[in-house]
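Colleague: As a plain string of letters, each chain reads:
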Amino acid sequence: MRRALLAMLLLTTLAASGCTKVNQARDTVTRSINRTELLARGFVYTDKSGGHTTRVSGSVEDDLRYRLDASVDGNPAASEVVYDDARALQVQDESLLAGLVRSPSGNAVTLTGEAGVSAAGAPVSLAQLPAPLQSGQWVVDKAGATGLTVTSNTVAAPGKDPLLDAVTGLEYVRQAMGEAGSVEKFNPESETYRPKLDPFPRPQQGVIRYDLVPPALPQPQSGGAGGVPLSRPLPATPFFRLLAVYVRDGKVVEVRERINVAARLSDQASNLEARLGEFVKAPAGASISQQANLLLRTLNRQLQLRGQIPIRERDMDLKFSGLGRAQPVQLPAGATDTDLAALGVQGQVLYEHR
Amino acid sequence: MGQRARLSSLALLIALTLFGASAAGSSAQAPHGPPAQMLGLNVAKENIAKVLAGDKRPLYVDKVTLYSLREQSKLLQATLEVGDFKNDAPWTSADFQYSIVARLGSSLPIAVRAGPQIVYVTSSKGLTIAIWFKDRTMFTLAVRNGYKQPKELLREALKVNP
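Chains as they are written, first to last, in this note's numbering: chain A, 1349 to 1702; chain B, 76 to 237.
A couple of the hints might just be wrong.
To be verified - Mimicking DSS-like on lysine-lysine, the simulated pairs with C-alpha atoms at most 30 Å apart in a straight line are:
1) A:K1508 to B:K234
2) B:K131 to A:K1490
3) B:K125 to A:K1490
Claimed, not checked - A short, non-exhaustive set of chain B residues, derived as facing chain A with CB atoms under 8 Å:
4) G129
5) P133
6) R145
7) Q147
8) G190
Claimed, not checked - Pairwise CB distance ranges (calculated):
9) B:E146 to A:Q1476: 29 to 37 Å
10) A:P1581 to B:E146: 30 to 38 Å
11) A:K1544 to B:A169: 41 to 49 Å
12) A:Q1476 to B:L150: 15 to 23 Å
13) A:P1566 to B:P133: 51 to 59 Å
14) A:G1398 to B:L150: 46 to 54 Å
These are calculated hints, taken from the structure and not from any lab test. Ideal Cβ placement from N, Cα and C applies to all residues, glycine included.
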């Protein structure tokens, strides 16, 4: 009896220490993000998705002043300078204009073809946007960034507005941690570590890497009230996300992310291959790649029907530099004064977590 | 006129929320203060002694000064309050500072880094309220929503010495 009690206590202790470790890693990364946000910084954000590479280089002087320059496949695409109350913008890649129309929640809204929705919720057409902006020139709205309060603390689904995606990269990581199953310190000596399934580089000397472990595959629900079947929970982006945070001297120096269906299908520990039939009927003999494509299409169709964010496969890299060394940000010379209200009222995009 | 009255009354409400009140609250004046103009707004010290004297709650501060920032047309665009914490107030504690900030406004405060200074921002009834601490002095800038240069005004206010 006494031995059984001791064994139980030991198990409880071990379980508790496991939890503590997990929480410690999550807390450590959170603190590192908080410290990094407090610093002036430069960064390069790279998003590879759908055969295109979007790169944004940024300089954050403080939370009220920053500059972002984006390119797509090596071609200049868009630049933004927020300087206190003023917002200057230059868009060379017309396809980005739609994504730059931000809703009051701070999210990019859909603006396809001729019409979309403005910040005020009213229809807006591309023709309503200032002509110099449409022709790729710098424009500046002296009152285009007057919002000091946050319009939304939810980071938009990446892909529509690369400028916003880049500058809110750390907040994205914070939210991803909230969606992850756990956060763990990278340990290549661990029995569970499988180098073939690890898409990210090992940390350099003096750098500590933390990995976000995806949540478990959702279990089918047996039924709701009165025996009415509930809709099947679907694996969404967090399940397909692998993300590593590299920390040096208590500050984040790099973030890497891979969102990929095939990668999770190849990972037996994900259980996805074994339960694939619950989500999609793949033809016999289909390769992992074919299964993944079919699953991605099926899941995205269902997620969209439910009003959820579809899965967007991508490889993302966010590298920080010059931490604590402010690069003065200036408004571009020769920009045309204009009213950017049609692009949404910009609330405070950057802020600190206390 | 309605907006002016609302802003004035809210500014006083902030003063009372923050500092409680007693004669001590109005007995001293801040040695330094803002310039006569900020971004073209006329800055004037307001007499709040009577209002402060009417409230008998415990004090965290022993000096409070309220400045109004008005356009040439007298339209009140903002107020700046400067208050010094008493010796026994735990003013060095971040938790204490945040507890005061949290009492203001109707939205969850955020912290914004403007230069080296951390500024807490919240909002209430048509106003954006920015609060920051320099040593034992607390600054509160309340700006009417719709004012076109709130962040630049904040930068100017951050230069003010207590």
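Colleague: Indicate, hint by hint, whether the structure satisfies it.
Modeller: Hint check:
Between K1508 (chain A) and K234 (chain B), the direct Cα distance comes to roughly 39 Å. Violation of the 30 Å bound is thereby established for this hinted pair. Restraint check for K131 (chain B) and K1490 (chain A): the C-alpha separation of about 45 Å exceeds 30 Å, so the hint is violated. A threshold of 30 Å between alpha carbons decides the hint, and for K125 (chain B) with K1490 (chain A) the separation of about 40 Å lies outside it, so the pair is violated. Taking 8 Å as the C-beta cut-off, the interface hint given for G129 (chain B) is violated, the closest approach to chain A being about 31 Å.
Checking P133 (chain B) against chain A: minimum C-beta separation of about 26 Å lies over 8 Å; hint violated. Checking R145 (chain B) against chain A by beta carbon gives a least distance of about 19 Å; that is not within 8 Å, so the hint is violated. This hint is violated: Q147 (chain B) has a C-beta 19 Å from the nearest C-beta of chain A, more than the 8 Å allowed. Taking 8 Å as the C-beta cut-off, the interface hint given for G190 (chain B) holds, the closest approach to chain A being about 6 Å.
About 31 Å separates the C-beta atoms of E146 (chain B) and Q1476 (chain A), a value consistent with the hinted range of 29 to 37 Å. As the Cβ distance of P1581 (chain A) to E146 (chain B) is approximately 57 Å, the hint placing it in 30 to 38 Å is violated. A hinted range of 41 to 49 Å holds for the C-beta pair K1544 (chain A) and A169 (chain B), which are about 46 Å apart. Remark: the range hint 15 to 23 Å for Q1476 (chain A) to L150 (chain B) is contradicted by a beta-carbon distance near 31 Å.
A hinted range of 51 to 59 Å holds for the C-beta pair P1566 (chain A) and P133 (chain B), which are about 53 Å apart. Our hint of 46 to 54 Å for G1398 (chain A) and L150 (chain B) holds, since their Cβ atoms are close to 52 Å apart.
This entry does not satisfy hints 1, 2, 3, 4, 5, 6, 7, 10, 12, going by the numbered hints stated previously.
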